[in-house]
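Novice: Please put together the full structure from these sequences, using the hints given.
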Amino acid sequence: MLLKKERLNDILTDMAKQARVYVPVSPDANDGGGVGKSGKAKMTRFELYSPGTAPNFDLVNTTMPPKDMLFPQTQKMYRYGFDTEGNAYIDIIHDSDEVVIFGMRSCDARSIECMDDVFLSMGYDDEFYKQRREKLATVAIGCASVAETCFCDSMGLDPNAAPGADVQLSPGVDGQSYVVVAQSEKGQALVASWQPYLEDSTAETTQVSCALKVNGDGLKDKLEQMFDHPIWEQLSKKCLTCGTCTYVCPTCHCFDISQENKMKDGERFRCWDSCMFSAYSEMAGNHNPRPTKMPRVRQRFMHKLCFFEDRYGKTLCVGCGRCVEKCPVALDITMLIDDIQAADLSKAEEVA
Amino acid sequence: MSVVNDTQAAASTGTETFEPKILAFACHWCTYSGADLAGLNRMSYPANVRVLRVPCSGRVNPQYILTALNKGVDGVLVCGCHPGDCHYVSGNYYAKRRLMAFRRMLQYTGLEPERFQVRWISGSEAGKFRDTVTSVVEQVRELGPYKPDPALAALIDSSVDASNPVLPEGGEA
Amino acid sequence: MSSTNRFAYFPGCSADSTGISFTKSAEFVCKRIGIELVEIPDWCCCGTSAALVTDKNLAVALPARSLALAEKMDADLDVATGCAGCFNSLKSARHFAKQSEDNRAYVEDLIDMPYSASNDVFSFLEIMHRPENQELIKNNMVTTLHGLKVASYYGCALVRPSKVCEFDDTEDPRSMDELIELVGGEAIDWGYKVECCGGSHNISDPKAAKKLTERIYEDAMINGAEAIAVACPLCFLNLDMREKELNAIREAEGKSLFNIPTYYFTELLGMTMGGSFKELGIDKHFWPAEDIAKQALSARTQSDDTAEAKEVAK
Amino acid sequence: MSRVGVFVCHCGSNIAGTVDVEHVAEEAAKLPNVAYATTNKYMCSDPGQQAVREAIIEHNLDRIVIASCSPRMHEATFRKMLAGTDINPYMLEIANVREQCSWVHKDKDVGTPKAIDLVKMAVAKVNYDAPLTTTTIPVNKRALIIGGGIAGMQAALDIADAGYPVTIVEKESSLGGRMVMLDKTFPTMDCSACICTPKMTDVGAHPNITIKTLAEVESVGGYIGNFEVTVREKAKYVDYDTCTGCSLCETKCPSKVDSEFDQGLAKRRAIYRPFAQAVPAKPTIDAKNCRKLIDGKCGVCEKVCPVGSIKFDDEDKVTTEVYGAIIVAIGYQLIDWTKIYGEYGGGRFKDVISGLQFERLVNASGPTEGHILRPSDNTEPKTVVIVKCVGSRDPEKAKSYCSRACCMYAAKHAHQYLDKVKDARCYIFYMDIRTPGKGYDEFYMNTQHDGARYIRGRVSKIINQNGKLICKGEDTLLGSQVTVEADMVVLETAMVPADEANQIGSMLGITRDKDLWLSEAHPKLRPVETNSGGIYLAGTCQGPKDIPDSVAQASAAAMKVAILFSKDELESNAMIANSNKNLCNGCGACVAICPYGAITLEEITARENSVMVTREISKVNPGLCQGCGACTVACRPGAMDLRGFTDEQIMREVAALCQW
Amino acid sequence: MTAIQESIQKRAAELLESGEVTQVIAWTNGRFTNQTSPLFIQNAADAGKIVFNEYCVNTLAKYVLNEKIAGKVGVCVRGCEARGINRMIADNQLKREEVYLLGIPCEGMKDRETGEALDKCLTCTHKNPVVYDELLGAEVTDTVSEEIDKVRFAQIEAIEGMSREERLEYFNNVFNSCIRCYACREVCPVCTCRECFVDQLRAGWQGKQNNLNENRFYNLIRVFHIGDRCVECGECARACPMGLPLMELNRKWIRDLDELFAAGEEGLSDELDNTLGRYKTDDIEEFM
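Residue numbers (the working numbering), protein chains in the order written: chain A, 34 to 385; chain B, 1002 to 1174; chain C, 2 to 315; chain D, 3 to 662; chain E, 0 to 287.
Accuracy of the hints is not assured; some may be wrong.
[Said to hold, decoys possible] Below, simulated BS3-like cross-link-like pairs (lysine-lysine); rule was C-alpha separation at most 25 Å, straight line: (1) 236/D to 299/D; (2) 67/E to 326/A; (3) 583/D to 326/A.
[Claimed, not checked] Far from chain D by the CB rule (all over 10 Å, computed), these chain C residues: (4) 102; (5) 109; (6) 139; (7) 144; (8) 165; (9) 171; (10) 172; (11) 193; (12) 203; (13) 220; (14) 224.
[As the list claims (entries may be wrong)] Computed footprint of chain D on chain E; a stretch qualifies when at least three of its residues, placed anywhere within it, have a C-beta under 8 Å from a C-beta of chain D: (15) 88-100; (16) 113-124; (17) 156-166; (18) 274-281.
Hints in this document: simulated from the structure, not taken from any laboratory. Quick reminder that beta carbons are idealized off the backbone N, C-alpha and C, glycines included.
Specialist: Right, dumping it as structure tokens:
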């Protein structure tokens, strides 16, 4: 099936009647502003579509990943307190809306698979995630171009195909249309609903690959032997221990549960946390097993490239390049992988 | 969904005239005794104000002010001894600098100036206390409720499920 | 304050008329000690007294215009003037402009010329009183005043108001006294250094004015002054021109008569540097001034002062 | 979980009249952690207090909220009551439902909900109350007094009489200060020396008083109860242990210099006592003018001294001792008018003298043996002009303040002059007459009856003509110019702080006002205390005043010291700042901001992330902290908190308030 | 530039060799064109990695706090770094003798993507380091324009010129975009608390939720905490992954303190003299 670009708006408008539809938007496209005029950030993200929204499907990657739709930065869980009679109560807060993420890239689609592993496998389902996940449909668009920071194909992904998405749109070489393939039941339902706007034909699709290549061969095995390697000390020096990399990462999924108490009632919520923050690993009684930046930096990369794979069989880095672009001190995961590959293992043993 | 707590109910039902909540920080030595004197003289002023006693206006951390606004008061008043009269010599001078700069910052980022005010009121100025409180209440009543994040309030109430009033399994401590 | 001895020169209206002796003698001294005066092109009335009472704007605009012209001529030059009236109005205008950016802009608006108010204004007295110039004066002396008893009369405009003039003690100025002593005169202690000379009353209430002038002479006489030194053409005029009239009145009243000539302090300085009376304008006084000057310079050369004179002259 | 008891007071009908107190108690009972809530007719009464005590036991309460009148009224009462129970007195909050609720709201429908809110706030806060205790600091019962003038001596005598050791540090070689230079004192006209010198003798002879003359305080460390003070006693070149004070040396010394005591109107020797009744009554050598000490030639005094007390090799003596309290009584000096008032001759006219010079002239033991004579020619002045407010109330040229004593001593001078000189005329130029004080205005009126002519106006110019001082001025009452030909002019000059004020002030942490007078802790309520605990002010160092005021203040300061010394240990304020060493990063912002100098940085070494780290943290001295909390806001790391008003408590109150 | 780079390399090698410092902090190349990144070297042999070009966007000052534990640190200081160093000394977080300062005059750095001068460099008032042990290269003589304050405060004035509603919307947009990654805090040489108020959960200053209220609280209190000490290195705004105009908050505070209390610029000396930590009895009065 073929979807002409000019019909996109019709599809989105139709879908928005049934569900909350999120599309990639750059601020310039919508209010012509940018900092200095509106105070809006110079960044792109998935925003709720409504007629009038101007999606930007040519963005290689949004600054913020779409994980917020499944795993919000702040998610209210329940309220509790005493009612007027003095009895305790607890009210669980549920989300009930259907959500479509339209226009995500292969990397982001893969990131949802990673989060599914975390929240929905190994015998424990996270109710709050599950609710949202069940009501989510994803529409991936293959990349027509890549950014200098993209390296997904080195991480085992294909920029042109996102098998985990419910629908895959592949841009035609003419630049005017997408080839539409439903990849799941949800996807079939979605595509069916688009039927009025689709053409029953096909086209040649663009194929791109990343310019930035990383050698991930044997990385996990090598890292397993490098926990005590002195290289971490050096690699972590420049890190500021801010949470930028973890917050722009589509797969980082750590959260903290906290509450806001008033006198007679309160609210429990969970919010993103970052392994870069000192409070992240701080325990009651103030002991902190990762008190300085070295163990925190090591934890982040070991988790991405080694521990996650141990547990779920896939690496937690999807090669989207967001952290590479946004790190204020250019602590670049691809360079770090190079350094790891170049490291001398005998040093790790010495220390160990 | 049903759970709306009593305080919200109170806030949302009495709609005829909006009654602002005003928090007044008062230093123990001057303004608090000025407020006491207003009572002693049986002066009357609006009940919208709650006085929070601190030892000195220098104890008032600007962070309290923003917290109070965030948590739901509609206006904050900070009062202390007149410059030069501080029981602790200099507390109100420090307060003056901090609060002056902080107040400008709040206004810069869009707060109505009436919502955060500072006044020097001595222990003998019961009348000034009454007048100040009255005028702050009137000014803020005119402005209406402080809605620092209109989007937030709407979002919270969108989806609360009361059908499941039990502790979640394996609930955190 | 510029440290060089080069100044934009504001002569003022009396320079070539009533104050000719001041002009001549000051220019003489300046030349001798190497003070360079560059006349401000197209300078105008300083606005003193007349403008001050009629229009505040005019009182600022007139002097500011000349100051702005000086600035335009050479932005690095401070302004020098002899007349105390000129000094006071120029300095006041600058003071006003200096007080705020608004004031300065207002002045610019008035005179329709850029004016930064950076250049300062100095009187000849202040300039010559500078330590380095005192040194130069001393080096140029060929004789001394041989203890001539001089009452230094400062008048009203040189030191008042102190916030504007920024020069010497308002009530007990000493700078002219020190210059007199520098050239070998004896600066007598007297009480009327800064009292009103009555100049401004001479038209409206001449009787009152004469009283004011008379008391100055009286105190000078009582304290043994042989001469009065001034640093302002108006002061000079009021003393020098009125002495004869005063004596006439006093004679009628049976009081003792005055015989105290008035000199510009620059004349006294010039005399000790070898300037002739004509060069210095001493021949142009109303009250004969040449005799006492001659006495001071020569008559006592044979006296005990000789050694000291030579000493000083060195 | 805490167990809060809430007690709502009716205060008769004072509260119950406009607040439904029963309802307030009902609502309070529903609040979290409230174990018990009740009302009482009069909470502060004995039965009321007893009810609380019983409830504490019956309901096992661990903290209480009392909703009653202002905490300014009865907080102390209820604290005291708690002291007799198992609960710490600081586990208490007062909800002010009377002054700030029932008395200002007429309507029960308004007053009741507000009272409930106030109780909510108090409950929210009391939940975070922590038991507070006071610490104790030992008190060294020795007082140091800086300055041996009348104020310093009075304070010393009072403290010494109370039984405590006192040390006086005096910069001159004798006690007495300014007062002993005066001839007579207004308004009683008793001889100044007659009332001052006995005090000096008393001080000199008092077993509890040590006098250090020609001495200066070099440094002060420590804090209330424990000041460590270093004093330098300059070399006197005379051995006071052996000197008998026979003064033979003084008569033989060949060097003559202007006498400071006589204000330059007479001469003294290089070895000298400033005046006959000096205490200690022993001479010192003025090294600057002593021929022996300048060039080694002379030594007459050494030769004539019958007991061999002259020690030309004498050296400064520096001692450090601990004192519990310090009284600053460094007095004043007169403004140097000669540099300011060119119109009065700038010091060139010999017969224009200061009031203090007049005191010496009129004094029987002064340079003229009490005859009022012109300094220029020793003739008796027949006309004297007295000019007041020279340097005072003159913001343009000198000081803007009133020197307070001049009106009276100008009247005194006029009176003395008119009394001593026959057919004399005395004119007093004044701006205003200020004579508040017992017998003061009567004295001024008498002076007028004596014939002193008061002219309201300033003297604008003094001209020296033929030996006469022509004083020109304006009579503002007549609106005319006046000229007085005077033989002598007396300038009643302004009092200004002593030269040492600035240095002593900064050494002791006493703030100075714009004119450099030392500042009292509170202009009305703490007039002799300073912001530094244990340091007090006496006399004119705090501001211009006359003798009775100086003496009164000195006794007041002495009383403050006696109160301090009446305890062996000082109890510190319980509600004080406290630094959390884990959070403190040692930035020192609190140190800079503390008005009491109560915070210092202290080095600690601790294991952090398995490394030993040495760093600085702030430490609060509980003896000095007064609990203002200014430091807590300056502390960005949030390490500094104020006990009894913690951030947490205030935030909880705010939170509780936000739920009304 | 090249000459300076060579001098840094040379001096770094010498300092490390002689043992004068244990470590040198400078810049090196990143992966991409015109990208640089902070560099930490402990061996003289590595000095060749040091790069100094017009894309050295990182201000290095804050790093010394962590690194000084291992011994004296050599660090390159431009105007921005030098003021940060002074400030950290004033705040008692660093001792002068713990660092060796290689002074570098700097005419401003460029953004690698646009090739334009960095925002933080456009408003720089100290192109030469205000403190250093040695200066590499000649002082920049083309000193700061007298009009710099117009540039420095242009945005502030523009915002002040808006209506209140516009300002509210503007800053609500700013605060809404904040993801609270705290890069602004971590990079700031003035943020030296052992535990940020944000993390003091017991005190309850800052809720962990990401919403407008909490984000506003964070950003405004961040400025309150650093406002009277900000050395205007501009790193907070540069490091912000959302590109938020954080200096528009800092500068507002800076200008107000200067106008009200003649605060002047911070970081020019290493003496502690916080504008909010002192007062004058005749301070301007707005609250009578």
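Novice: All the hints need checking, so say for each whether the structure fits it.
Specialist: Consistency of the hints with the structure:
For the suggested pair residue 236/D and residue 299/D, the alpha carbons sit about 22 Å apart, so the restraint of at most 25 Å is met. Note on residue 67/E and residue 326/A: the hinted pairing holds, with a Cα-Cα distance of about 15 Å set against a maximum of 25 Å. This hinted pair checks out: residue 583/D and residue 326/A have alpha carbons roughly 22 Å apart, not beyond 25 Å. The beta carbon of residue 102/C sits about 26 Å from the closest Cβ of chain D, which is more than 10 Å, so the claim that it is off the interface holds.
Chain D leaves residue 109/C outside its interface by the beta-carbon criterion, the shortest separation being 31 Å against a cut-off of 10 Å. No beta-carbon of chain D comes within 10 Å of the beta-carbon of residue 139/C; the shortest separation is about 25 Å. Every CB of chain D is more than 10 Å from the CB of residue 144/C (nearest about 29 Å), matching its label as outside the interface. Chain D leaves residue 165/C outside its interface by the beta-carbon criterion, the shortest separation being 14 Å against a cut-off of 10 Å.
For residue 171/C, the shortest C-beta to C-beta distance to chain D comes to about 7 Å, within the 10 Å cut-off, and the non-interface label is violated. With a least beta-carbon separation of about 3 Å from chain D, residue 172/C fails to lie farther than 10 Å from that chain, contradicting its non-interface assignment. Remark: the non-interface label on residue 193/C conflicts with the geometry, its nearest Cβ contact in chain D lying 7 Å away (cut-off 10 Å). Even its closest Cβ contact with chain D, about 20 Å, leaves residue 203/C beyond 10 Å, as expected for a residue assigned away from the interface.
For residue 220/C, the shortest C-beta to C-beta distance to chain D comes to about 6 Å, within the 10 Å cut-off, and the non-interface label is violated. Residue placement check: residue 224/C does not keep its beta carbon more than 10 Å from all beta carbons of chain D (closest about 7 Å). Interface restraint, the stretch 88-100 of chain E with chain D: holds (3 residues with C-beta to C-beta distance below 8 Å; minimum three). Coverage of the stretch 113-124 of chain E by chain D is violated [criterion: at least 3 residues with CB-CB distance below 8 Å; count 0].
Only residues whose beta carbon comes within less than 8 Å of a beta carbon in chain D count, and the stretch 156-166 of chain E has 0; fewer than three means the coverage is violated. Only residues whose C-beta sits within less than 8 Å of a C-beta in chain D count toward coverage, and the stretch 274-281 of chain E has 4 of them, enough to reach three; the restraint holds.
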